[in-house]
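Asker: So the chains spell out like this:
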Amino acid sequence: MLLGVMATLAIPQWVDDFALIQITIYVVMAILAISQAFIWGFSGILCFGQATFFGLGAYTYALAVVNMGESTLPVLLAIALPGMFAVLLGYFMFYGRLSDVYMGVITLTVSLIFFSSVNSTAGPEWRIGNAPLGGFNGIPAIPSINFPGNPEDPLDAVTFFYLCAFSLIAIYGGLRWLISSRIGHVIVAIKENEQRATLLGFDARAFKLFAFTVGGCIAGLSGCFFANWGSFTSPTVFSLGQSAQIIVWVIVGGLGTLVGPIIGCMAIQWLTTQIGTQQTFNSNLVLGVILVVFVLLVPKGIIPSLGDVLQKLFGKKVAKGEDA
Amino acid sequence: MDLALIVSVQVLYAIATLVIISSGLAVIFGMMRVINLAHGEFLMLGAYSAIFATKAGVNIWVAMLVVAPICVGLFGIVVERLIIRHLYGRMVDTMLATWGLSLLCVGLVTSLIGNTTSGVSTPEGSFSIGAYSVSLYTMALIVIAVLLLLAIRWVLRSTDWGLIARGTMQNPGMADVLGISPTRVYSITFAVGAALSGLAGGLLAPVSGVVPTMGGSFIAKAFITVIGGGSSILAGTVSASALFGLINQLATFITTPVFGEVALFIAAVVMLRMLPQGITGRFFKGSL
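Protein chains in written order, with the numbering used here: chain A, 1 to 324; chain B, 1001 to 1288.
Derived from the structure by calculation, the hints contain no laboratory data.
All values reported here derive from a predicted model rather than from experimental measurement.
Ideal Cβ positions, reconstructed from N, Cα and C, are used throughout, including at glycine.
Any given hint might turn out to be false.
What the hints assert, rightly or not - One side of the interface only, derived from the structure: several residues of chain B facing chain A at Cβ under 10 Å: (1) 1106; (2) 1227; (3) 1256.
Just chain A, same shape as in the assembly:
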């Protein structure tokens, strides 16, 4: 964490504005990665549609800020609304006692349904307040975040980077704290053996719902930052590719860690940006190959596998990927 704070303070001094904006999007996506890392790696909830909450966050912020002009309330809404949707969806899934495979399919389908619904709202009759939904064209020219209470004073690139990076660090710290708290122990216990936890008197459904909602809120915040970053959002935030990308980050980085998915996210983002600069390979193709290869050959992901390798080399117990 200390490393993170130091990096955050140092980066704007070193790099030019263009690189800083690139790094900012990595950080925004890392927040999304950490939300998936938490609900999947620690709560064992197989959510294949984390993009739903990401997209809801982006759209909520965009629609609210266009209507209100001032950004503080829209940011809070962009966290609260995906959270509320997570409660609703989670209620149906957890209280219906769906198995994890069904849950994966349902969450995936939800994101697809959002994708096609929002896509079809291109006409001028689809608007909320002053903000047209824009359908497949998306919503352009979204006002950026301003200092609370002062709409005339938007954040510049450096301040926005600080906001995103410190949010990531705060969320990381918060989740660490949550996992080591009593509630966190119960959540992990439910992941390990749901029946045993239930027999010990814990209501597994409620704890899972709580974890799912926390994940939804974090993903919503990430979506809000994303809409800010490019002043633009379009239905692709709900797309299958977006959901797949999040899964790839977590699988590559290592399921069951919080640091791994952040590193996986940044590595994959960097890779797809590189792929985007040449024409031979399609980025979907490469993502697909990475996902298949990791599931078949490196199922634990990079960070835990590195831990194993170090353990073999030095013959002693090395902390498993997480900073001890």
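Let chain A serve as the given structure and place chain B on it in line with the hints.
Answerer: Then chain B, alone, in the frame of chain A:
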């Protein structure tokens, strides 16, 4: 009267489409407990094979009903060998690997063929009911869906092969002892499921835009149908298709096609809240 007739034809058509697009998925899921997230891409490959065959001068019915399933079936054998075989019993990993496969297929086809819509024209003409015109192809799809169900039922119930496949799925160890190679049965079953998906893709090629990402627009419906249907292949697919097709088409009739899909989905989630095992988890238990 004409309106009522046309709406019921449309409802039947919606049900038939659901049956056609989800049967391949249902066979693979119902028999092997494998959720194939690349199902949409199998459809896409089927559609492309049908189109290429038609352009090469093959009769369109042959292209749809023969070429498309054979191509995708062969592809299915390769996929089973390379990926699925290593992951039996690990449902979540299989889902992830087939998802990777799906991205890979989309990427590959985009690189090779390009991101443009190609298509074939709908075969046969149309006839009219009162003031409305109905395409003959719509009726053909309804008939094909019925034939497809009968064929699956016949293969599973009345042939040696169906008996062997069902037996192997229930108890692979016992089948092995009796001299049947389970790996071969798995491989063939997966290929049959893939071929059914390819057939669906071929049949849908004339009525939908064929692009590398076309799978995405079908898999949501296909998954919901299979999961809503539950574990038994035929009864599940038929009952879920009937229920969801009806809801989808009526909602489409009242609003727009997209909100028809939303209605289908909401109905499915609410239903799964009450019947988490799907329709056949509660009703028609033990049927095929």
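Asker: Name the hints, by number, that the structure is in violation of.
Answerer: none
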